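Colleague: Residues per chain, in single letters:
Number of protein chains: 4
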Amino acid sequence: MKGEREKLAEKYFNCSESERAAFEAGIKLGTIYHQFVGTPINEENAGLLERAMVEGTMIQPFVIDAEVHIERGPLKSKKGEFDYVSLSGPMLAVRLVVGYGNVKVIARMKHIPEINYPLMYIEDITRIEKR
Amino acid sequence: MKGEREKLAEKYFNCSESERAAFEAGIKLGTIYHQFVGTPINEENAGLLERAMVEGTMIQPFVIDAEVHIERGPLKSKKGEFDYVSLSGPMLAVRLVVGYGNVKVIARMKHIPEINYPLMYIEDITRIEKR
Amino acid sequence: MKGEREKLAEKYFNCSESERAAFEAGIKLGTIYHQFVGTPINEENAGLLERAMVEGTMIQPFVIDAEVHIERGPLKSKKGEFDYVSLSGPMLAVRLVVGYGNVKVIARMKHIPEINYPLMYIEDITRIEKR
Amino acid sequence: MKGEREKLAEKYFNCSESERAAFEAGIKLGTIYHQFVGTPINEENAGLLERAMVEGTMIQPFVIDAEVHIERGPLKSKKGEFDYVSLSGPMLAVRLVVGYGNVKVIARMKHIPEINYPLMYIEDITRIEKR
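Residue numbers (the working numbering), protein chains in the order written: chain A, 27 to 157; chain B, 27 to 157; chain C, 27 to 157; chain D, 27 to 157.
Hints were generated in silico from the structure; no laboratory data involved. Please read all numbers here as calculations on a predicted model, not as lab measurements. Not one of these hints is a red herring.
If several chains are the same, the list does not tell them apart, and a pair holds so long as it fits within one copy or across any two.
Listed next, the in silico DSS-like pairs over lysine-lysine satisfying Cα-Cα at most 25 Å (straight line): (1) LYS33 with LYS102; (2) LYS136 with LYS33; (3) LYS130 with LYS37; (4) LYS136 with LYS37; (5) LYS136 with LYS102.
In isolation and in its complexed conformation, chain A is listed as follows (with noise of 0.2 Å):
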């Protein structure tokens, strides 16, 4: 059932369910790029930080899963004081789920190393059978 600000929300949307759902997917996964590099990252910190950005994702419209995976290789053997890095977008990878009426949308964010580029795309996007 959808809430009473999402009545008055899609109200300014001119586009099918499908674009909708891809829209809001790209969104989240902008959202966690640009929010999240650049903090501060160790062995210690990595499962923690992963946790909060899954939560801060989970909190947003239309998310129905999302798991986020920072690559521990370039955290090894950072030990003292300056030894952290600061978290980069070819360290992370996200696999994010959203449903927007009858459509899911099964999206990915992942360094491609032969385009040298943390790339968002979208995996799968299928019509599903009304909650």
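For this one, chain A is given, so just place chains B, C and D on it according to the hints.
Modeller: The following block gives chains B, C and D in isolation, referenced to the frame of chain A:
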């Protein structure tokens, strides 16, 4: 003409052109919000920050046009050492045009008082002539 | 005992121990504010975000202790699709203890209603016994 | 002449003028780094982003001067849809002058290859003539 990297990137997508266009628009709006919210701002630097936000958006994939407006109201009579604010969502209005393949999306972010939320939405999505 | 990198780093500094300690405290407070302001938050994830902010601070150089409190007031009765907020400065209260050499700094960030500003300040700075 | 708000703010501080000046310099460097790291950048918008970072710093309390340089090396031959990068710490060089009371601090941020770290440090701190 598509670049070499876009040809590699598009293999990862399983969706229509219009869903891809909507997704790309969502990414850019999420990026603007979460990259720049918090930036120190007063009447002196507001115009320059608007331009920096526009330029930082224009260089991203598939962006045709971007306009950013920062509401000056909260900046009035900010003078002296502590008289500036942090850029917040309700101060931001964005209009974004994204083109992917034959599809053009006009997306916006603006504060909607009825729902007390800086809404990101698709104002229009249309099929365009191939360039 | 100082790490190898701190020995290299300290050559760049031309100031007293207490000025260095104050400088390091300032860096950490600026970091907390500008890294995390804008993060999506409601009552469900506030506690986890507080912990992630603490841990991301504790791994930085010379931090002895950190406490972060997010004001829950603005999160009350946030339910449904759009019912969360972006973390803002006035919601944040931080207590930070930094130690450099023989000096200990207790620094805070908190919203001061009289000046309508999330003030970062040095509550106490003291000479401590060598460890 | 001190503003009304600074008179209220300074009651919260228990430290010397030089410690306060160092603290304020630290805040500004932490702010620059964590506000802007992650911003999309290529050769087209680098100059404008530098200026926006300078202006966003100049409006903060006690800042006398600020210079920001973004290393252009990683931006060379970035052309086409995906050819831009996210601003990262090692690309940033900052020189900041802060004045508090009778004290002037020159602080810097720059990447130090030997420690592989974007070091923030106090280059000089001096007593100045009252203005």
